[in-house]
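Colleague: Taken in order, these protein sequences are the chains called A, B and C.
One point on numbering: in this note's numbering, the residue at position 311 of the first sequence is 311, and numbering is uninterrupted.
One point on numbering: in this note's numbering, the residue at position 187 of the second sequence is 1187, and numbering is uninterrupted.
One point on numbering: in this note's numbering, the residue at position 88 of the third sequence is 2088, and numbering is uninterrupted.
Since the hints were derived computationally from the structure, they do not count as laboratory data.
Cβ coordinates follow ideal geometry from the N, Cα and C atoms, glycine included.
Treat the hints with care, as some may be off.
One side only, chain A facing chain B, incomplete, derived with CB under 7 Å [what the hints assert, rightly or not]:
(1) Pro4
(2) Ala6
(3) Ile212
(4) Thr217
(5) Leu221
(6) Val265
Chain B stretches covered by chain A per the calculated footprint, using a threshold of three residues with CB under 8 Å from any CB of chain A [as the list claims (entries may be wrong)]:
(7) 1092-1105
(8) 1108-1116
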Amino acid sequence: MKKPAAFALLIVLLIILLAAASVVGSVKIPPGEIMSIIRGGGDDTYRRVLLGIRVPRIVQAAVVGMGLSVSGAFLQGLLGNPLADPYILGISSGAALGAAVSIVLGLGTLGTQAFAFIAALATIYLVISLSRLGPGTGGTTLLLSGIAVSTFLSAILSFIMLISHQQMSGIVFWMMGDFSLISWNEVFVTLPAILVGTLIMYLYSKELNAIIMGRETAEHLGVNTEKVFGIILACGSLVTAAAVAVSGIVGFVGLMVPHITRMFVGPDNRVLVPFSALTGAIFLVFADALSRTLIQPAEIPIGIITAVFGGPFFLYILKTSKTLK
Amino acid sequence: MEAIRISDLYYDYPGKPVLKDINLTLSAGSFTAVLGPNGCGKTTLLKNISGYLKPGRGQVLVLDTPIRQLAQRDRARIVGYIPQNTSPGFGFTCRDVVGMGRLPYLGRFQWETREDREAVQGAMEQTGTWHLRNRLLGALSGGEMQRVLVARALAQQPKILLMDEPVSHLDIKYQMEIINLTRQLCDTIGITAVAVMHDINLASRYCSQMVLMKEGKVVSTGSASTVITVENLRNVFGIKVDIIMPHRLVVPR
Amino acid sequence: MKSLRKPFLLLTIVAMAVLLASCFNAAPQPSEKDTGEPAANTGGAFPMVVTDFEGRDVSIEKPPERIVSLAPGITEILFELSLGENVVGVTDYDDYPAEVFSIPKVGDFQGPNMEAIAAQKPDIIFASTLSGKNSMEALQRLGIPVLVLEAKSIDQIYNSIEIIGKITGKTAKGDALIADMKERMADIQERVSAYPRKRVFYIVDTNGNFTAGRGTFIDHLINLAGGENVAADSEGWAQYSMERIAEKNPEVIISAAHAGNMKALYRLPGYSGTDAVKNDRVYVISDDNIISRTSYRIVQGLEEIAKFLHPEAF
């Protein structure tokens, strides 16, 4: 199938999914009611449920899905590692630590979001600074620095969980990813950040293509690789930090979506990125719908749903990598 | 006309001097081979010419302009560089790869124009790779891949072509193909080419100028008859050879 | 020398006997704070056999003087029955009354510490099944009577007080406590009966939106206090979706003491449109333990909840 047609198909699929997701949930809203609400009327309670709780959540899932997928695609290109994900440079450990501190201090949702966001950015800054100790800001150096910082922060996190076992379940819950606390406030703050971040990264798609061929090659093609690294890392971190701050750690999306999309549309980031964005949005809206309907009125944390998809995904990669050169 | 003039060039890697007192002049349209044992600084010289590295002392003039004074993009419009090692391309097609040669001409918000597409096609036709355009780079033979990389450099529409060991790993057929192609480009469109090579005989057959290096210094430069002598080869490579005329064929004794 | 040796030997033997006897008798005597209560003996009822809540028959030889309590609820009851000085071991979870902080800890969140328990030489252990099955077997291997009085209902709380009173010889005190509890509970129920039931939602933790569903103590208390637990369609400790909360529209929201910042609640989707938030009827329990711990203070918990629901009745 030609690429423009496939792209259009994905857009249609996303729209259909958004509509379908709005219809399901732990509160059954009759279709007639939904029509009334769309027209501006409708029962107050149903209105609140649909427009105040369900729709912002679905939108957030789409936005986060898009953001994580695009960040993942760019990071995979930058690090030259198709198994990289947006959290690989330590953002998840940092954010989790920030959230844990906030939860233990009892600072409420806003506090947790703010702490997670700031901690995430601080962590990436630390990782990049430390990587300068190694031979140049190559992919491997960054990766090593990320793993080192990640491990250290996870240790601190484990300790905090141990000494505050009353809040431990709250912390664990946050870490598994959660869209249940999303309201329009979160959407209004994260949507512009994620949108702008992904757009800026997208503008550097062709430079990233060159970097994938080799940093030196890219430099000789006129690409200031240091600058491009910096911009992509900054934007990617911003996008990921924003996503993690409001929804916890949603794993596998940033890894699986670009990887699978690449198998279909190729590595050219000018094509890969928009396709990943759409696919990621579709996937997460779908996963979120599952998370809030399977055991209603309880919810399966979204991170568990994505992990359930993640396992078979890796098995599939294992199987097909034998056939790849 | 001088395409490249290098004056009093010194270059050090941290804690290790590599290039010492290099003075070279390469005329436009020439095809120069840089020869010498491994580690003598051939690649470093090439990277100083391209402007990738900044000289410790001295100056590199390319087309009468100090190459380091140009912006990186402008450098890329003049100098096409083919590195020694290249990644297999992770699924990029040949056309994608050659298309990257147009990067120095594309603006931030620009996608490829017709002009760019024509440049890509032209470069691929010149290198005889147009029929490979939809194949994956990683699926090609060594010779084909190298020709595609030459096409990429050509897509930059450069005046200078720098090649770091372009044929060392190829079958003899492809070695001759690439070097022949380079010579043709010099003769037909006036590109100035500089190639780091190991095969002395191939170099002397196709290159109008030779540079022989040892331990960071230029031992000899000029035409093949000046540079390729028994004395020089023994001095630089530590080998005893016979030179068989009229082809100036170097044969180990 | 022979004449001197005999009395000397006698003296030594007597001294040693006294020394030995005083070692075994190191436990503090139960205080005689309560009047009108004969010390220890309940008229020859010992040894007695009591059946604990696990259906186990446990034989009690005499009123216990060194008590280890692994259930904070039982600890509270013990102190209320003036047996505080007999308590020689508690857990990290114990925090009421203040005296417990100076009592040696023999259990933490990982379970009871067998060595620490044995070191206190107790003659009875009150255990809870929270410690887990393995602990039960290990406890019993210590050779000390183990009693499980883990109440699952208010009636069982009364029952546990009764049993404790019986085996420690504090029957009168126990009966008085039970009577007091019953009276206060009846009073509360009567006061609120005049008013229509209020829809209530209880928040255990905002992370994950955990509530107390049907069958929990809190659910029971809400009902007694003249309320209707909107989360009764879920069972036990359950997660509740924001959508359902909005749909059920509780009139009163009660939160556990550590559930999180209540001001933040007003912004959360699902909560923000409810009658409870609109009318500012969001309350925080003063102490989680008065509604979840199986102690006599459960009445206090009921009272607090009732006052949240129907302030006009008090």
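Colleague: Each of the hints needs a verdict: does it hold here or not?
Modeller: Here is what the structure says about each hint:
A distance limit of 7 Å between C-beta atoms decides the matter here; for Pro4 of chain A the minimum to chain B is near 14 Å, and the interface restraint is violated. For the restraint placing Ala6 of chain A at the interface with chain B, the shortest Cβ-Cβ distance is roughly 17 Å, beyond the 7 Å limit, so the hint is violated. Interface restraint check for Ile212 of chain A: the shortest CB-CB distance to chain B comes to about 6 Å, inside 7 Å, so the restraint holds. Interface hint at Thr217 of chain A: satisfied, since its Cβ lies 6 Å from the closest Cβ of chain B, which is below the 7 Å cut-off.
Checking Leu221 of chain A against chain B by beta carbon gives a least distance of about 5 Å; that is within 7 Å, so the hint holds. About 10 Å separates the beta-carbon of Val265 of chain A from the nearest beta-carbon of chain B, more than 7 Å, and the hint is not met. Residues of the region 1092-1105 of chain B lying with their CB closer than 8 Å to a CB of chain A number 8, which satisfies the three-residue condition for coverage. Only residues whose C-beta sits within less than 8 Å of a C-beta in chain A count toward coverage, and the region 1108-1116 of chain B has 3 of them, enough to reach three; the restraint holds.
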